[in-house]
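Q: Each protein sequence line maps, in turn, to chains U and X. So the first sequence is numbered by the numbering used here: it starts at 66 and just counts up by one. So the second sequence is numbered by the numbering used here: it starts at 4 and just counts up by one.
Hint data in this document are derived by calculation from the structure and do not stem from the laboratory. Do not rely on the hints blindly, as some may be mistaken.
[Unchecked claim] Restraint-style ranges between C-beta atoms, simulated for each label pair:
id : chain 1 : residue 1 : chain 2 : residue 2 : range
1  : U       : Thr91     : X       : Ala153    : 30 to 36 Å
2  : U       : Thr213    : X       : Ser43     : 22 to 28 Å
3  : X       : Asp118    : U       : Leu215    : 54 to 60 Å
4  : X       : Asp219    : U       : Gly204    : 21 to 27 Å
5  : U       : Glu218    : X       : Phe172    : 36 to 42 Å
6  : U       : Lys223    : X       : Thr19     : 44 to 50 Å
[As the list claims (entries may be wrong)] Facing chain X, from chain U, some residues (calculated, C-beta under 7 Å):
id : residue
7  : Ala120
8  : Arg123
9  : Thr136
10 : Gly139
11 : Asn176
12 : Asn177
13 : Val203
All C-beta atoms in this analysis are idealised placements derived from N, C-alpha and C, irrespective of residue type, glycine included.
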Amino acid sequence: MFSSIASLQPRQLAAQVLNFALVLSTAFMLWKGLSVFTNSSSPIVVVLSGSMEPAFERGDLLFLWNRGMDTQVGEIVVYNVRGKDIPIVHRVVRRFGGGSAPLQLLTKGDNNAADDTELYARGQDYLERSKDVVGSVVGYVPFVGYVTILLSEYPWLKTAMLGFMALTVVLQRE
Amino acid sequence: MHSSLVRIQNVFGYFTSVAFAVAAAVAVSVLLSSQTPSASLELKNVQVVKGRPHYYSTKREEYAHVKFDLDADLTSLFNWNTKQIFMYITASYPSTSPSIPPPEAVIWDAIIPSDHAPFHPNTYIHPTSKTPSKSKSKNKSKGKPYPEGASPGIVKLSNQKPKYQITDFSGKIAERENATLSLHWNVQPWVGALVWTNTNSYGRWSGLKGGVDKFDFPSLKGSETIKKEDLKTETGAEKNRGSPA
């Protein structure tokens, strides 16, 4: 196997590296482009908890839209608790404000008996639409996001996958 | 060119493309289904008392307890791509300032799964005329989200207790006028876009007929005249009780 790498000419090797970099940067551009289009910092999220079952199960992929600043009751929003980086997907059950005042929302998971007041930061009773909400769910694909959950819960999978991908790239050029 | 690895890659790639195309077709085909939702929602009783309505309430505030009648027919919303419908009833009332839109709060919700969806304990169990609410625990496994002999989407409730009390940010809700009780839904598909209530018609999708009732919040009632049982809320079927997950 290593003889095949040695027999690669530097130009071919450089072309390979460039190809790989092009694929990576295209993916990155698409992601950032989607971010701008939807005005959301994270336009596609994976459901991590079962608090919205049976609507969303762990591993479902959600498409977000963040240009509807007048979020209505019943919409499903993704928000970050202040100070933490974990996105939570819950449904809006109460709203007040809006118009000239900042819009404030209370959320609750479908599978939780209690609303999210205990989840919010200390001293925070409501979410502010402009600051805390990442986006509102508009579309959904079941199950395909489960790979990311596996990758984060079993870190050795990440190295195994990267190693496998590197191996196929090298072997394909024979 | 014909090694096993390449073959596996090709098959997997083809599978992914076909799966993606089928999913896209299913998601878009929903526009062809015809929908004729209708409902009749009527306020039965509303009481405003002062107390601590939520487990986290630190001070006494005014809250309203609304009982209602509901007769809804949402069966046409269940098409081949419907996994479940989240029905909810909201109460909204004008805000104190004209530049601020009306605040709104959910007072009751129900998860109605499609018959093809796998069972989940969090789905709505429709009260039947034969069993009083006391024997809920026995019937929980056999309860259906619709009345006997009906299909998913039919909900007939009489003098239904709310699941949540209504509070206002200011702590005062008595004697507010021009409040509206309205029915909404959120269709959760198997794949594709989520849709909410439409009152206008779009092609084959007719808007919701009815499902709105107007009322005024009464004045504050003294605690001596109200029985504690009258203010009890309906317990939902949510699996995670206590602190939110």
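Q: I want to verify a distance hint. Is the separation of the beta carbons of Glu218 of chain U and Phe172 of chain X within 36 to 42 Å?
A: holds, 40 Å
Q: Does Val203 of chain U meet its interface restraint, that is, does its C-beta lie within less than 7 Å of any C-beta in chain X?
A: holds, 6 Å
Q: Per the CB criterion, is Asn176 of chain U less than 7 Å away from chain X?
A: Hint on Asn176 of chain U: holds, closest Cβ of chain X at ~5 Å, below 7 Å.
Q: Does Arg123 of chain U pass the interface check with chain X, least Cβ-Cβ distance below 7 Å?
A: violated, 12 Å
Q: A closest beta-carbon separation below 7 Å is what the hint needs, so does Gly139 of chain U meet it against chain X?
A: holds, 5 Å
Q: Measuring from beta carbon to beta carbon, are Thr91 of chain U and Ala153 of chain X in 30 to 36 Å?
A: violated, 52 Å
Q: Would you say the C-beta atoms of Asp219 of chain X and Gly204 of chain U sit inside 21 to 27 Å of each other?
A: violated, 39 Å
Q: May I ask you to test the interface hint for Asn177 of chain U with respect to chain X, counting a Cβ-Cβ separation under 7 Å as satisfied?
A: Constraint on Asn177 of chain U satisfied, holds at 4 Å.
Q: Taking 54 to 60 Å as the stated bounds, is the beta-carbon spacing between Asp118 of chain X and Leu215 of chain U within them?
A: Hint violated: Cβ distance 32 Å, outside 54 to 60 Å.
Q: Is the hinted range of 44 to 50 Å satisfied by the C-beta distance from Lys223 of chain U to Thr19 of chain X?
A: Between Lys223 of chain U and Thr19 of chain X, where Cβ atoms are some 21 Å apart, the hint is violated.
Q: With chain X as the partner, please determine if Ala120 of chain U meets the hint condition of a C-beta pair closer than 7 Å.
A: With Cβ-Cβ at 5 Å, under 7 Å, it holds.
Q: Does the interface hint hold: is Thr136 of chain U within less than 7 Å of chain X, judged Cβ to Cβ?
A: With Cβ-Cβ at 11 Å, over 7 Å, it is violated.
In the structure shown, a violation is registered for the earlier hints numbered 1, 2, 3, 4, 6, 8 and 9, in ascending order.
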